[in-house]
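A.B. asks: Sequence:
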Amino acid sequence: MRRTWTACAAVLALGLSGCSEEPTPVRATIAPEHETSTTRELLPLPPGAALEDAQGVPAEPYVPAKLDWEGSLNPRTAEDDTPNVDRITRRGRLVVGIDQSLYLLAFRDTASGELRGLEVDLARAIADDIFGEETAGVNRLDLRFVDSAARAEALNHGEVDIVIRTMSITPERTEAIDFSTPYLTSRVRVLVPRDRGVEDINQLGGKTVCIVDGTNLTQIARTYTPHSNILRTRSWSDCLMATQQFQADAIVADDSILAGLSAQDPYATILPGTLATQYYGVGIPKGQTDLVRQVNSTLERMRNDGTWYELYSTWLGGSIAESSPPPLMYRKEEQ
Numbered sequence: 001m002r003r004t005w006t007a008c009a010a011v012l013a014l015g016l017s018g019c020s021e022e023p024t025p026v027r028a029t030i031a032p033e034h035e036t037s038t039t040r041e042l043l044p045l046p047p048g049a050a051l052e053d054a055q056g057v058p059a060e061p062y063v064p065a066k067l068d069w070e071g072s073l074n075p076r077t078a079e080d081d082t083p084n085v086d087r088i089t090r091r092g093r094l095v096v097g098i099d100q101s102l103y104l105l106a107f108r109d110t111a112s113g114e115l116r117g118l119e120v121d122l123a124r125a126i127a128d129d130i131f132g133e134e135t136a137g138v139n140r141l142d143l144r145f146v147d148s149a150a151r152a153e154a155l156n157h158g159e160v161d162i163v164i165r166t167m168s169i170t171p172e173r174t175e176a177i178d179f180s181t182p183y184l185t186s187r188v189r190v191l192v193p194r195d196r197g198v199e200d201i202n203q204l205g206g207k208t209v210c211i212v213d214g215t216n217l218t219q220i221a222r223t224y225t226p227h228s229n230i231l232r233t234r235s236w237s238d239c240l241m242a243t244q245q246f247q248a249d250a251i252v253a254d255d256s257i258l259a260g261l262s263a264q265d266p267y268a269t270i271l272p273g274t275l276a277t278q279y280y281g282v283g284i285p286k287g288q289t290d291l292v293r294q295v296n297s298t299l300e301r302m303r304n305d306g307t308w309y310e311l312y313s314t315w316l317g318g319s320i321a322e323s324s325p326p327p328l329m330y331r332k333e334e335q
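All residue numbers for the sequence shown refer to full-length UniProt numbering, where the first residue is 1 and numbers rise by one.
Calculated directly from the structure, the hints in this document are not laboratory data.
You may find that some hints are simply not true.
Beta-carbon label-pair distances, calculated as ranges [stated by the list, open to error]:
id, residue 1, residue 2, range
1, E79, Q219, 41 to 47 Å
2, P272, P47, 32 to 38 Å
3, G318, E70, 32 to 38 Å
4, E133, S101, 45 to 51 Å
5, R144, P226, 17 to 23 Å
For each residue, glycine too, the CB sits at the ideal point set by N, CA and C.
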């Protein structure tokens, strides 16, 4: 377990309250046994889950390519108009859409009842920069659960100001919403229970892999595991439970997500090799340029003053391949 004082230092640096012992994740306490002939039949799938048969190599397979994106806007300057930031300031709180069950990223601490994780701390840092030091110690953050499949919708309907929920920047998403410059690089990898005898992705033929609806991983999974069934669930916790109940044999996800899942199950391991590279950005409603610039100002500050490295060390240190901030991605703007 990571040292508690390290986590507390990062929390205090961002003005967070309620520092507590880092919670021990819920772990499987009994080594998984081999699957019986009736296991899959007796246990219902997670609520809302759907099982799709293998479809072979897709007609349009996933092709890793440079992100076709012009980039985010440069950080805010003192001369910029800030109508959307001013609206948030008048309201007195920043409303952020997050997950609540991604261990290490955004999860409910069972000991304190508080939401914690790298993405929660990032949301707090953005709020602190919007409201300033004069409101230090005052809770200016309204964290709301947003389903993975409804992230863009929540932004466009005004339900939240921003979304920080492992939202990778893709060409399709940039047509619907705006993004900050990336705050984390993550690699798509595969997690498997140790008792399935799978040591390589090529051994997944005829087995079932799990992904979450609303993510961009369907095409990746279909491309790299064309002869595997696909179990689609509502959450990554459901995927983990499905592997423990022998309803799935592997999980395809970003390594930042898999790090939290593997920490909760000592009988799971992450296979070597990377399927794709993802960049997480803060999702922002289309056209709210001042809010984009405000968020990017915070992200640059965190890179420059060491806060980014503190958060990484606290939550993901040694868990994922990337230990440096992602590249800045700004578009060329007229001066």
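A.B. asks: Which numbered hints turn out to be false for this structure?
C.D. replies: Going through the list in order, the structure violates hints 4 and 5 and respects the others.
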